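Novice: Dock chain B against the given chain A, drawing on the hints supplied.
Here is what each chain is made of, one letter per residue.
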Amino acid sequence: MSTTVAPKKQARKKAQAPAIISDRARAENRLGMRLVAPAVILMLIVTAWPMAQALYLSLFRYRLTAPDDREFVGLANYGTVLTDQLFWQDTWNTVLIMVVTVAIELVIGFAFAMVMHRIIFARGVVRTSILIPYGIVTVVSAYAWQFAFSLNNGFVNGWLPFVPDDYNWFGGHWSAMFAIMVSEIWKTTPFMSLLLLAGLSQISEDMIEAAQVDGATWWQRLWKVILPNMRAAIMVAVLFRALDAFRIFDNIFVMTKGAEDTESSSFLTYRQVIEQVQLGLGSALSVLLFLAVLLIAFLIVKLFKVDLAQARGEA
Amino acid sequence: MTTPRKRQRRVRPAVATVGILLMASGVLAACGGEDDGGNNLVWYINPDAGGQDKIAENCTKQSGGEYTITTQVLPQDAGQQRIQLARRLAAGDPEIDIMSLDPPFTAEFSAAGYLAEIPSDLQTKFEEQAFASAVDAATWEDELVVAPFWSNTQVLWYRKSFVDKAGLDMSQPVTWDQIITAAADNDGTVAVQANKYEGYSVWVNALVSGAGGEIATDTEKGADATVTIDSEAGQAAADVVAELNGSDAAPADLSVSNEGTAATSFAADTGAFMVNWTFIWNNYGEERLDDDIGFAPYPETVEGEESAPPYGGIGLAVSNFSEHKDAAMKAVECLTTPENQGVNAELTGNMPSSPAGYDYPPLAELYDAQLLALFQESLERAAPRTVSPYWSDMSGAILSTWHPPSGVDDQTPDESATFMEEVLQGESLL
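Top line first, the protein sequences correspond to chains A and B.
Quick note on the working numbering: the first sequence kicks off at 1 and runs consecutively.
Quick note on the working numbering: the second sequence kicks off at 1001 and runs consecutively.
Please keep in mind that the hints were generated in silico from the structure rather than gathered at the bench.
In this text the structure is predicted, and so the values were computed from the model without any measurement.
Keep in mind that the hints are not guaranteed to be accurate.
[As the list claims (entries may be wrong)] Covered by chain B, per the in silico footprint, the following chain A stretches (three or more residues, Cβ under 8 Å): (1) 106-117; (2) 254-261; (3) 265-277.
[Stated by the list, open to error] Below, in silico cross-link-like pairs of lysine to any residue (SDA-like), each with a Cα-Cα straight-line distance of 25 Å or less: (4) K257(A) <-> Y1197(B); (5) K1196(B) <-> E1427(B); (6) K257(A) <-> S1406(B); (7) K257(A) <-> L1168(B); (8) K257(A) <-> L194(A).
C-beta atoms are modelled at their ideal positions from N, C-alpha and C, and glycine is treated no differently.
Just chain B, with the same shape it has in the complex:
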């Protein structure tokens, strides 16, 4: 027979279980987030110095209560940003309304159906507003799939004192061969990005594009795209990499160099030339190495053929799984106005994607007028990385075959083309 006391003891675990379940359900409900029926938009941004937060606030105010934009920060690393977004969007996550997308995976997301279609009148507006290269990078299958927000490009930075010593005329376009030779003959270095990371693919792509080639064509065919890196242009690119690697102008850390280490090499006593993004201008404080920094268009791969500087930047897209697509599209329109592009550029150094954005007055105070002109001119002819849903595989295949730079020779373009085709066809592991 059970005594009352024992019975009471038995009851307790049951009460505790019910209690825990109730608590758990409360927690789960809290996780779900409340939808107040209003247009509460969540914008997934890449980390920056506060520019995106600021314009989110501006647009929330301007909308007069039509929508509210809150920001969520994605991981620092672009690859990790892609993974987080892709996995959530593949699962149809409705919690993402707007996202900041890097150009290399714009086509991939669009082909997968993750991006809401931009109405044609807005497409026209964005296309008219933005630089040609920004539009190229944002276009997939003849549709503008993201709104160009900010745009970045590379120029050739040089030390004025060094160029005077070497007697190189920088008012004319220079070639890679010229700057490598000038640097090697005068104990200088040419700083680039050649670690095993996306920055190296950017350089290779710029060299190939500069020689009039492309890494792949017919990219609408997805994995069956035609790989064209084993061309004269690919050969010219390999020649530049091999020439720099074999020359005294190569920095000691060439094979592990990135944007940051290149900036350090450039600032050293032997620093002579560097290719790097626009934001590097503000890397050297007000003194700018005793006013010794000059800038010129990106070097030519082939003499006489206009160079194609790299294109980088961010485009804004609305998720196809958002429950507030119309409001989100309006918000994107507001966030990418030339003025807001200017506000963002002032705060972060990430330059506008449109000529009108460059007219934002505070930028003229922060940057040299000639430099602003060079940025815009470079953006007009910049070459985006091959727009393909398979760019990450192409980039990986380039890195596997072109890294380290000391291994690059005449065979490299051919080897990388073969390997890239195998990777695209799923016949080889990356």
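Just chain A, with the same shape it has in the complex:
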């Protein structure tokens, strides 16, 4: 059985014809420009300017409390960071957290989305209860999980039969990473399922029924009809969550403060800029973090081969 995908719109061919722009279209364009202008200007002020500032600062050896020692060092800060073992350790932690949590969230989130989509009775209650964790502040959920895993007043050790009662989850690298990931997954799976639900509800029931009539099993309908048609929604969900997960900070700050080598890239940047007031080195780190986020976004868009314009339903 071949993959059934909704027929692509024919608009693309037309768009390639030489463009003749009418007066009206031109006027609309101009109006559009004017309407977005305030937003663009605001964005330039609040995001582009700080970014340029960070880029500039990253070229200096500059400590906030030693302004006289400020010195232009070119790309030396980047050299320091990229050859530092701590940077790579933290990058590895961050990538690991991102890959593991997004993969697990995708599976659980999809299951939740199916439940929310198909459920007939108590729909509101079920949907609300699935979404509750996402409504909780990250710091609060991190504290909740820290208490849960805590040696002194947590319940995890008592509930898990194969874990001794005096096991210190935050006393080792892997167990601490596990606790951090659990809290991250618990907190953000609802977001994933919400995005997937939007994708699910866009699939035409006709196609699924047609596949059923053709004799496709449930498994075949899932893999050949539902998932291919949700590709854009899955891409958006994975993209958003991967970028979020890559910038993980709150859980680590609350649960371990980076002890036992559980530091993430964001946490390292925070420590350099805020705690050690190393504006130069810290800015170099934040520029690298920004580039990493761009790279991940690019890779995910390429990987799913989704035309973003099409994903938005544009011609």
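Specialist: What follows is chain B alone, placed relative to chain A:
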């Protein structure tokens, strides 16, 4: 054509916008705070049991209306106090007049130009009044940059019954080796602070200073200071840490121990020795473990060489961005009088920074006379942490290389020196 009704509707959002803007401007104006022209001084204090509030009130009264001091509390954690103050002062915030500063970042703030210069007559007065170690900790580039307010030091606390059992003569100075051996041979523990936090740097610094060394010298050169921890003194310090870690005298929680857990280990049945700050005396209630707590000078790193107990405390500084510097300086003079130091010590257990402060009568009722004498004697020879604008980096580098204590060996002083130099030169991440 627009009907009147429609027009009215259109007007409403405009009215609402204007209203919101007016409200917002009102709120912003309120945030700015009113300056009544008088000397309303804001003192940023570290959290305590009310001692600083009390003396702020005393000085406000004494000034006869010349100035009013109100207090604002900084975060609990010393690192967070530093971050909040540094960021606000770097931005030239005029809302801070007086601040309570921890010694490790006194030099950093002074070098950055955040602290108003203390007039030379006041400097002389503060220097004459305070303990030598308090003056050392408050001095940067030969100028006294903060007024010593309260001073803390560590002594060796021991269980009298244990010492009797072990047959150790505590009337003479003892060495680390002696107490570790005595504890290990008699099923006792030696409680210290060795978690990955500033308290561990305090211990390492005291061990190095006790052997006559220093973590770094030429600190006026800032990041180009000479790192001297890879010396015989550094080696002697590493030997003590390694000896304790490898001995039966090490408490089970050595690698995560702090002041509080050390106090608990000391109170346990196996408790024998502990190094800890002055305030721990009041930690054990009136009974003091059935009157079983003894005290002695801080242990020697090297036999025969006088120990250098750690120095802690708070100094008061006037912000360089304050709009009331003269009044603030007068207020600091009042807040740090020996009497007010005594008032603060009575309420908080944070001991005075001057011998005269110890004469405040209520202290004699709260503390054993011999203990008060030991505190003062210890403060006279206490060694502050290396006074450098880069102390936080040095401390971080020590923690990265000396923690956990189980990893400390002959190589540690050398490794920590190399790493510290790299960190100071911005060649390595901390």
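Novice: The structure should be examined with respect to each hint, and the outcome stated for every one.
Specialist: Status of the hints after comparison with the structure:
1. 106-117: violated (count 0)
2. 254-261: violated (count 1)
3. 265-277: holds (count 7)
4. K257(A) <-> Y1197(B): Given pair K257(A), Y1197(B) holds - Cα atoms ~12 Å apart, limit 25 Å.
5. K1196(B) <-> E1427(B): Within the cut-off at roughly 22 Å; holds.
6. K257(A) <-> S1406(B): 21 Å, holds
7. K257(A) <-> L1168(B): Violated: K257(A) and L1168(B) sit about 42 Å apart, past 25 Å.
8. K257(A) <-> L194(A): Violated. K257(A) to L194(A) sits at ~31 Å, over the 25 Å cutoff.
In summary, the numbered hints that this structure violates are 1, 2, 7 and 8.
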